[in-house]
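Chemist: Using the hints provided, position chain X relative to the given structure of chain Y.
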Amino acid sequence: MELVTFFGVAILAVASALGLVLRRNPIHGALFLVVNLGCVAVLYLLLGAEFLALAQIIIYAGAIMVLFVFAIMVLIPGKEETGPDPLRPQRLLAVPLGAVLLLEAVLVLRSHVVGGGSSRFPGHQPGSPLAAVPPAVRPGGIESVGRLLLGDYLFAFEVTSVLLLAALVGVLTLAKRKAE
Amino acid sequence: MMRDVVVAFVLLNVLVLVVTYVTYVERKFAARMQSRIGPYRVGRPHGWLQPIADAIKLLIKEDIIPAMADRPVYNLAPIVFLIPSFLIFATVPFAPGLGLADLNIGILFFLAVSSLEIVGLFMGGWGSNNKYALLSSMRAVNQIISYEIPFVLAALIPVLLAGSLRLSAIVQAQSGLWFVAYPVIGQLAFAAFIVATIASENRVPFDILEAESELVAGFRVEYSGMKFALIQLAEYTHMFGVSCLGALLFLGGWLGPGLPGPVWFLLKALFIFLLVTWVRWSFVRIRVDQILRFSWKVLLPATLILVMATGLWVALRSGHVS
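Protein chains in written order, with numbering that gives the first Met the number 0: chain Y, 0 to 179; chain X, 0 to 321.
Isolated chain X, as found in the complex:
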């Protein structure tokens, strides 16, 4: 009991620090892609104190609440948005035995809690009483629900291959061959997983709910100061969490030669994060109808067929069907 509380406390604080610097990594990476330098002035070398400076700036900024806002909903939204993003890390095993709770249904817990994010997002959009925010949250509902299904189906393929819902068991099953290296099935599933990740994270080219040219900043347009910081923190934490899930499911988690397990794990999660960022800075936004059509007519049938093919292959291999 005491141990769990201490581990949770340490994990939470380390996560906040890591995620803060993930934003820095993204800014530097994006800057390189656009032949800029990125944050440079605050802290030497290379402006490494920039995330801290940003956090302090947001902390001391005035908190503005719109006059016609639905106050309880508006004020609660950032918290409701933040809690699931951190809660998903409860079942993530960073190395053998290093994690808060290695549940036998770990991946299910991850998917369930991460699907709660939409409630906070919706509360923010509704509570602000702003047409852009409301439109954004309506789009969010459409998009996130559409892409949650292919996301779950893509995540199901490693589960089928490993034969377990326990995240550490899925990693252990990859000690011979990472699931991303599985012939055909692995690569297709990984590609579907990445696309669904980008869509469920609302990044370009699927960022219709914060399309700057149409909706200013989407559901968070009325938020300022610390509440804005909380929403940003929640978004990046969730994104990092999903990257961790991808590393666990397809890239073999902590497995790797030489370096200690948690370092490998962090590197792999960062790799997926940068992959998503790379897409973000390379493509243009696509239209709402194209996004929905792509989900229901391409991605969903494709992942469904993939799940069936994987199931058939697993059954043939284990000799249930001859």
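With the rest of the complex left out, here is chain Y:
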């Protein structure tokens, strides 16, 4: 059952990613991205990280995507992007960079999954099924995420939020100065 879900969602994720890249209509691309982010959320669920999955839906598929679409709607006058691509060199650069990324992914996967190396998740012994771990310490479960965010990584968490707030205030200031 899990395997069927995984392959179904994986195929859908790849297809929607292709749709995102290949469609010329930016709004269609953005909608494909929503599908893709939803698929990734289901993959998180299959891994037992339900908090991450739902946060993915709330923040990415719900809020950020809509803002993307909003920005596209406001900034791009026509329905489709036409004319020559102003960033052509980027495309050529994309091929070697993509190849490097793929190589890295393969190496990481080989060392962690095939080699049965140590898993970094706290409380998750390699080889033990997720169901065997008590829910309180299950990695990705909401309790363990909360404990990590407000315990071990409290400082980093707070610094990140202050950074985001500063960025927000900065953007407001810059936007206001331009308008005057």
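Treat each hint with caution, since some may be false.
Said to hold, decoys possible - Under 7 Å between C-beta atoms, here's a sample of chain X residues computed to sit facing chain Y:
(1) Ile104
(2) Leu107
(3) Ala111
(4) Ser114
(5) Leu115
(6) Ile117
(7) Val118
(8) Trp125
(9) Val140
(10) Ile144
Unchecked claim - Derived coverage of chain Y by chain X (criterion: at least 3 residues anywhere in the stretch with Cβ under 8 Å from a Cβ of chain X; other residues may be distant):
(11) 25–33
(12) 45–54
(13) 59–65
Said to hold, decoys possible - Over 10 Å on every C-beta distance to chain X, these chain Y residues come out as not near it, computed from the model:
(14) Leu74
(15) Arg87
(16) Leu163
(17) Leu164
(18) Arg176
No lab work stands behind these hints: they were computed from the structure.
Glycine included, C-beta positions come from ideal geometry on N, C-alpha and C.
Modeler: Frame of chain Y; chain X shown alone:
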């Protein structure tokens, strides 16, 4: 597995029926408020067959697609709009053990899925290729994103008081005292929840995205026939779902003397629904800038302070802070 499929099937059909009649209740209620009678002719007594007649009429109506519409987006929008509205009921416990899936993060699931509604709404507004529809969906993006934050924060207060994200556990924690009856915190949180609900449901006085006098009918202006029916069904289902959430979070869900649990639950959900309807027929629409200002400058700070106060109170009560 089989059991889940059967339960889901029954739940879906019962929901469609209940929501169909919720529209009837609203029409009758609105009519009473305006000294009218409301639907009366179809079916005796009191035109009780009216919702069925409406559904049949919409089913056999011609489906018109605008010539310049973005067809795939236009056609998919009602479905994308409908699915989250029904999916939110997956974690709602109607009585102890009576529900599809009582997840340990039930309320989070509810909030996540219900936030997807905006995607369908946007697709409808964009796909129609109509200026009113597009304006409406732009307003929707502004408003729904602004009010989602106070909505979630208000929903967080019962979670803090109950100490669980499981909806059935939140109800169980109210067996002594419903959260709405909690001194000060409960009433303020409930009021904030109702305001945010009205705004996220786009009802008067926050209905700028379907303001009839400016935007005809908003994002659904080009829809007709069955697609229009689907959008209406989705809106009312979502509204009923949020009313159910309010009943679970503040009014003690299925708890109550005498009557069986699901009946209590339905009555409480209906109470919240009628509360929202009452506001709808009593107030006038407010302006876009007023709506956004109210959300960011009043409701958001207020709910944030409320969450902090609740957190402090819970911590003091449990003895973590002395």
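Chemist: Taking the hints in turn, state whether each one holds.
Modeler: These are the hints, each one checked on the structure:
{"no.": "1", "hint": "Ile104", "verdict": "6 Å, holds"}
{"no.": "2", "hint": "Leu107", "verdict": "5 Å, holds"}
{"no.": "3", "hint": "Ala111", "verdict": "4 Å, holds"}
{"no.": "4", "hint": "Ser114", "verdict": "4 Å, holds"}
{"no.": "5", "hint": "Leu115", "verdict": "6 Å, holds"}
{"no.": "6", "hint": "Ile117", "verdict": "5 Å, holds"}
{"no.": "7", "hint": "Val118", "verdict": "6 Å, holds"}
{"no.": "8", "hint": "Trp125", "verdict": "6 Å, holds"}
{"no.": "9", "hint": "Val140", "verdict": "5 Å, holds"}
{"no.": "10", "hint": "Ile144", "verdict": "6 Å, holds"}
{"no.": "11", "hint": "25–33", "verdict": "holds (count 4)"}
{"no.": "12", "hint": "45–54", "verdict": "holds (count 4)"}
{"no.": "13", "hint": "59–65", "verdict": "holds (count 5)"}
{"no.": "14", "hint": "Leu74", "verdict": "13 Å, holds"}
{"no.": "15", "hint": "Arg87", "verdict": "28 Å, holds"}
{"no.": "16", "hint": "Leu163", "verdict": "14 Å, holds"}
{"no.": "17", "hint": "Leu164", "verdict": "13 Å, holds"}
{"no.": "18", "hint": "Arg176", "verdict": "21 Å, holds"}
The structure fails none of the hints (numbered hints given earlier).
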